[in-house]
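S.K.: The primary structure of each chain is shown beneath.
Number of protein chains: 2
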Amino acid sequence: MHVLIIGAAGMIGRKFLDRISAEPDVLGQEIDKLTLVDVVAPTAPPEFESITSSQAADLADAGVAARLIATRPDLIIHLAAVVSGEAEMDFEKGYRVNLEGTQALLEAIRLEGRNAPYKPRLVYASSIAVYGAPFAPTISDDFALYPLTSYGTQKAIGELLLADYSRKGFLEGIGIRLPTICIRPGKPNKAASGFFSNILREPLVGQEAVLPVDENVRHWFTSPRSAVGFFVHASTMDLGPVGPRINLSMPGLSATVGEEIEALRRVAGDDTVKLIRRVPDPAIQAIVAGWATNFEGRRARELGFTAETDFDDIIRAHIEDELEGRVGG
Amino acid sequence: MHVLIIGAAGMIGRKFLDRISAEPDVLGQEIDKLTLVDVVAPTAPPEFESITSSQAADLADAGVAARLIATRPDLIIHLAAVVSGEAEMDFEKGYRVNLEGTQALLEAIRLEGRNAPYKPRLVYASSIAVYGAPFAPTISDDFALYPLTSYGTQKAIGELLLADYSRKGFLEGIGIRLPTICIRPGKPNKAASGFFSNILREPLVGQEAVLPVDENVRHWFTSPRSAVGFFVHASTMDLGPVGPRINLSMPGLSATVGEEIEALRRVAGDDTVKLIRRVPDPAIQAIVAGWATNFEGRRARELGFTAETDFDDIIRAHIEDELEGRVGG
Ligand SMILES: NC(=O)c1ccc[n+]([C@@H]2O[C@H](COP(=O)([O-])OP(=O)(O)OC[C@H]3O[C@@H](n4cnc5c(N)ncnc54)[C@H](O)[C@@H]3O)[C@@H](O)[C@H]2O)c1
Ligand SMILES: NC(=O)c1ccc[n+]([C@@H]2O[C@H](COP(=O)([O-])OP(=O)(O)OC[C@H]3O[C@@H](n4cnc5c(N)ncnc54)[C@H](O)[C@@H]3O)[C@@H](O)[C@H]2O)c1
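Just so you know, the protein sequences line up as chains A and B, in that order. 1 is the number of the first residue of the first sequence in my numbering; add one for each residue after it. 1 is the number of the first residue of the second sequence in my numbering; add one for each residue after it.
None of these hints come from the bench; they were simulated from the model. Treat the hints with care, as some may be off.
Which residues of chain B face chain A? A few of them, derived with a C-beta cut under 7 Å, are [stated by the list, open to error]:
no., residue
1, F48
2, A144
3, T153
4, A156
5, D164
6, E172
7, N216
8, W291
Just so you have them, the derived chain B footprint on chain A, three or more residues with Cβ under 8 Å [claimed, not checked]:
no., region
9, 72–79
10, 152–160
11, 287–300
Just so you know, these numbers come straight off a predicted model, no measurement behind them. For every residue, glycine included, the Cβ atom is placed at its ideal position computed from N, Cα and C.
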């Protein structure tokens, strides 16, 4: 099987590569070719070095999608995106990458199918940002998509296109609406959502972290480990039972900041929790107030997607996967 | 006020022009310039001939949207579309006109606003085709948009773009999700939905009409007169109370084919009803089974949009507007 990963140098791309390196048969079929694409050339995993083509390319540039698809990959994982804050700041860049890049990919697949039958599996990274306030207390699978950001708009349009191209038989699409990933590994970043991870990740290595919102702020989470699990399952599952509504809100965990902190206390102790510094930021508090707090995720669970159900497990997954089992500075 | 109507040669475009001709102050401000665009040059209404520029142009052709917007119209009514059946048959044409044409218009407005402040009102014709089965018994304003046709997908994407461009302050957008228009004036056409109008319009002039489905088939309707009323209201209303969810399911009337026929009997008599010939067509029956049957339309009604509440009124509106008050061959 030839696997193409677009946006492979990003956080989820790297974690997905770690997973298939550790479990080379996790996709059900042997991988005999791996193409990795990102704006900077991604690092090939040592286990797959001989069969990997790593390419620096911009998906939205003319001809890039067609060139990638001309090699007829069987499975395409589409992770490339300008994320939320940047898409809101740079309107043109967001539309270029998130909308036109995705359109270019879909069109390349449709047109390649005219040369000879071709119907790859395409797994699309969407986001709960497709939803906008006011919300129902729990967002069901039937709840309307009214995004309140350009990023959310672009992801919602990507979902609609994916569904229509799938319905027409041009590809086998499946869209994964990811919860906010927590604990996001790496350095603290400036995303408005960053503190949800920072207040756990930094104290776990003995560093201070800033909490800009109240402890009663509630949000919707899953671990990087579960997120990778979603992409693995979406790559291998039978799509028959999914029906025409192929974009699925993933399972996750609804938790308040206070619950995050109590989980940290249970897993890592009081001294770790003391490293969280409260510096209220009304701007961040206001942004976060417009975010979804709880999803039903019924269809995704029925279709075999799974995620952590308590925050202690999310923290333990981070300690195992990122800290080699050790807590402390 | 300069009014631009795109798709002005179509059914709703012509009816809208009839309305402003009959009631020149219905838009609140005096119209001092009228630009009419369609793939064939629309006919200027005699009342506005001296201030009308009628143009044959394809909205999706390069440069057309920018040329139209360079004249800085205050109110833009965007009716141009490849309709449902054709968009399903001709995938490329549907995307070109319904998606790229709409995108080109939005982008032209955004870019014109860079030259000098510009924020026109844009009224967008959407459709209940943005919804796909399975439905709730009554579709609320919170119900998810999962279209099952390329046309519905393109309209849903147009809605999302309109909302994002409005949120960013590039324009004042409002989207009108039209019910199926009944009685559609003119000749019978090949649209799968055509029979809903044919079985009334043809008997009312003494002609036979074919009914291809069961009498218990239910659907969601409004008259051309109400549809024009929606566009008038959307052109003039205060958008403040609408909030960010600017795409509205219009009020309408849920009725079965049997109820249509009984209304025809009440308004025009038994002999007229006898002109309906039952010729079951399983293909049409199957298509229609996937269509929405009933909407709540609560927000639109609260915001002042109104429509007929019984089918007798829909038939009487047709007799008044199209038949000069007379029934019969
Ligand atoms: N992490 C989350 O909490 C989260 C939540 C919801 C959705 N998502 C989505 O999941 C996907 C992956 O997320 P992530 O956390 O790994 O993000 P990331 O930013 O770490 O990775 C995205 C990658 O896409 C690449 N990219 C951007 N523009 C590109 C272009 N034009 N051509 C090729 N590559 C390009 C970037 O260089 C980056 O490496 C994204 O689509 C994101 O929108 C993530
Ligand atoms: N009539 C209905 O039942 C109904 C229901 C829901 C939505 N709508 C929508 O309302 C709008 C008007 O409907 P209508 O019944 O008047 O349809 P119509 O087909 O009579 O009119 C549409 C007009 O758009 C024009 N057009 C098509 N492509 C164009 C292009 N590229 N550039 C410029 N003009 C172009 C056509 O020539 C036509 O005159 C459409 O957008 C339609 O999708 C109609």
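S.K.: Against each hint, give a clear statement of whether it holds in the structure.
M.R.: Outcome of the hint check:
Using the Cβ-Cβ criterion of 7 Å, the hint placing F48/B at the interface with chain A is not satisfied: the shortest such distance is roughly 36 Å. Nearest Cβ of chain A to the Cβ of A144/B: about 5 Å, under the 7 Å cut. The hint holds. Because the beta carbon of T153/B sits about 4 Å from the nearest beta carbon in chain A, less than 7 Å, this interface hint is met. The interface hint given for A156/B holds, since its Cβ lies 6 Å from the closest Cβ of chain A, which is under the 7 Å cut-off.
Because the smallest distance between the Cβ of D164/B and any Cβ of chain A comes to about 4 Å, under 7 Å, the interface hint for this residue holds. Hint status for E172/B relative to chain A: violated, with the closest Cβ pair at about 17 Å, above 7 Å. A cut of 7 Å between beta carbons decides the hint on N216/B: the least distance to chain A is about 25 Å, and the hint is violated. Residue-level restraint check for W291/B is violated (minimum Cβ-Cβ distance to chain A is 15 Å; threshold 7 Å).
With 0 residues carrying a beta carbon less than 8 Å from a beta carbon of chain B, the region 72–79 of chain A misses the three-residue requirement, and the given coverage is violated. Beta-carbon proximity to chain B at under 8 Å applies to 4 residues in the region 152–160 of chain A; the threshold of 3 is reached and the given coverage holds. Figure legend: the region 287–300 of chain A, annotated as covered by chain B; annotation inconsistent (0 residues with Cβ-Cβ distances under 8 Å, at least 3 required).
The structure fails hints 1, 6, 7, 8, 9, 11 (numbered hints given earlier, in ascending order).
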